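Participant: Residue strings, one per chain:
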Amino acid sequence: MKYHFQTAEELIKLTKRHNVPISEIAKLYESQRSGNAISTIRNKMKLTRDFMYKAVKTGIKSNKKSIMGISGGDAQKIYESLKNLKRMMGNKVTIRAMAYALAVSEQNARMGRIVAFPTAGGAGVVPGVLFSSAEHFKAGKRKLLRGLFCASAVGLIIAEGSTISAAKGGCQAEVGSAVAMAAAGLTEMRGGTPEQCFDASAIAFKSYLGLACDPLAGLVEVPCIKRNAIGCMNAIGASDMAMAGVQSYVPFDEVVRAARDIGRTMPRTIKETALGGLAITPTGNRVKKKLGLRITREL
Amino acid sequence: MDEISIFDIAGPIMVGPSSSHTAGACKIGQFARALFHGTPRKVTFYLHGSFAEVYKGHATDRALLGGILKMRTSDPLIKDSFKVAAKKKIKYEFKKKFLGKRYHPNTVKIVLENSRRKMSVIGSSVGGGVIEILKIDNFNIHLRGRAGKYLSLVVQHDKNKTVVPELKAKVDALKGIRVHDVEQRTYKGKTLSILHMGGRRIKLPEVIELEKTTKHVDFIRSLSKLEKQ
Ligand code: SF4
Chain A
1 MKYHFQTAEE LIKLTKRHNV PISEIAKLYE SQRSGNAIST IRNKMKLTRD FMYKAVKTGI
61 KSNKKSIMGI SGGDAQKIYE SLKNLKRMMG NKVTIRAMAY ALAVSEQNAR MGRIVAFPTA
121 GGAGVVPGVL FSSAEHFKAG KRKLLRGLFC ASAVGLIIAE GSTISAAKGG CQAEVGSAVA
181 MAAAGLTEMR GGTPEQCFDA SAIAFKSYLG LACDPLAGLV EVPCIKRNAI GCMNAIGASD
241 MAMAGVQSYV PFDEVVRAAR DIGRTMPRTI KETALGGLAI TPTGNRVKKK LGLRITREL
Chain B
1001 MDEISIFDIA GPIMVGPSSS HTAGACKIGQ FARALFHGTP RKVTFYLHGS FAEVYKGHAT
1061 DRALLGGILK MRTSDPLIKD SFKVAAKKKI KYEFKKKFLG KRYHPNTVKI VLENSRRKMS
1121 VIGSSVGGGV IEILKIDNFN IHLRGRAGKY LSLVVQHDKN KTVVPELKAK VDALKGIRVH
1181 DVEQRTYKGK TLSILHMGGR RIKLPEVIEL EKTTKHVDFI RSLSKLEKQ
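Protein sequences, first through last, are from chains A and B.
By the working numbering, the letter at position 173 of the first sequence is numbered 173, and the numbering carries on one by one without gaps.
By the working numbering, the letter at position 3 of the second sequence is numbered 1003, and the numbering carries on one by one without gaps.
Chain A on its own, in the form it takes in the complex (with noise of 0.2 Å):
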């Protein structure tokens, strides 16, 4: 296949030899895998964005718990705060981030209708980023797309090179790929080079390497809303760092190896189990008694 990539090496490489964009070869690549025309995965992509789309704008004005009961509403608080910047730390678009990301994971908890990107744990990252990122820039929605394709990309070397399972690689695997993802998008948009996009990305998913799936009683509510928010800040600020001519020492490729390698060592009592972590607490214990679970450990 002339598209086919399977690390970042080789899709840096695509982008030279094409003069494009990570996001031309990942329509490309698309086009090619499934015989279908490049405006047939321009369109689907769209539909994409529209129903991830749907689901920030009802996530925003929601104020639903989830079925547990034990989150929804913060989405909202935040987005308050949008109205009073001054007594926030953080600019519009990290806040506004940090918002739609709450917006999206609430949906997600409350079992309404969502775009797993990659996965449903984490899509709260790549929409916030970049749908934030899209208002603040001109021509947003059209660079929109362009994030979309690029972070999709690159969350295909990541599913190819390690996982996105987080029963097999904890919850680096889940968000630490979307912020991955989020941080490659949000740098392609801003017009930063193929290379770039894997420094952002490659210096935003270290930071996740190793991370415990520990969510309480297995609802994919506690830490993971909250973690999705915070994987905006982290998106945007290794996009910053890139943007600014910070390159990862290590680069993607190997990150992704060490991910890999990360994940399959990993005790299984923080991959999704609710054995470990935050789930064995005395609050996560008190969640999983409510629900009937057996209780296996506290600490």
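No lab work stands behind these hints, which were simulated from the structure alone.
As the structure is a prediction and not an experimental result, all values here were calculated from the model.
There may be inaccurate statements among the hints.
The list that follows gives simulated cross-link-like pairs (lysine-lysine, DSSO-like), each with its CA atoms no further than 27 Å apart [claimed, not checked]: (1) A:K290 with B:K1095; (2) B:K1097 with A:K65; (3) B:K1070 with B:K1083; (4) A:K64 with B:K1056; (5) B:K1203 with A:K44; (6) A:K46 with A:K2; (7) B:K1118 with A:K289; (8) B:K1079 with A:K289.
With chain A held as given, fit chain B with the ligand onto it using these hints.
Facilitator: Structure of chain B with the ligand alone, referenced to chain A:
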């Protein structure tokens, strides 16, 4: 032909809360239903690994059953799949069971039954809504269910050398479809063959025609119904 789609990453569009434990589970259910063909009266789910530990909070149970009821991953009705199943008089049961070390932590064995037949399917949800079907009855297989198209035919037939070449020739003769490769597993005189195809999707009347005109075939199931997510 086994490249991941960009839309495996950017998607699926789904109801929460988990792509592997909800959307993936739903897809495994859809596959099992498509393979079973017809309405099951009783469905038993054996949950393995992480599926067994955290299925309640992720609505894995409702999603699996939703898939059996042909719901899509984005169908808000998944929330109410227990009620829908009761209305359709489909009995269901969830059990925890260790299925073996070789399986991914997100794995389920589904046993479907009605008055005429019984079938078991083992599937894993490997992340981001991507699934793999690893066993159908006694046949160990490897079917990847990804975003986009599932252009495969699953055929059970007597163990002999003529069935697959005959089927392959018939499929290749259809306009716009070609068989790319064939996977086969044999168990006690029966063979399960999976024909991976390229091109357009095969139509149901064409599948029925194949089933009718080919000897020694027990059943043919097309998975292309599962195309759109
Ligand atoms: S803690 Fe686990 S369930 Fe929650 S977002 Fe991270 S990987 Fe997903």
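Participant: Output the numbers, in ascending order, of every earlier hint that fails for this structure.
Facilitator: 2, 7
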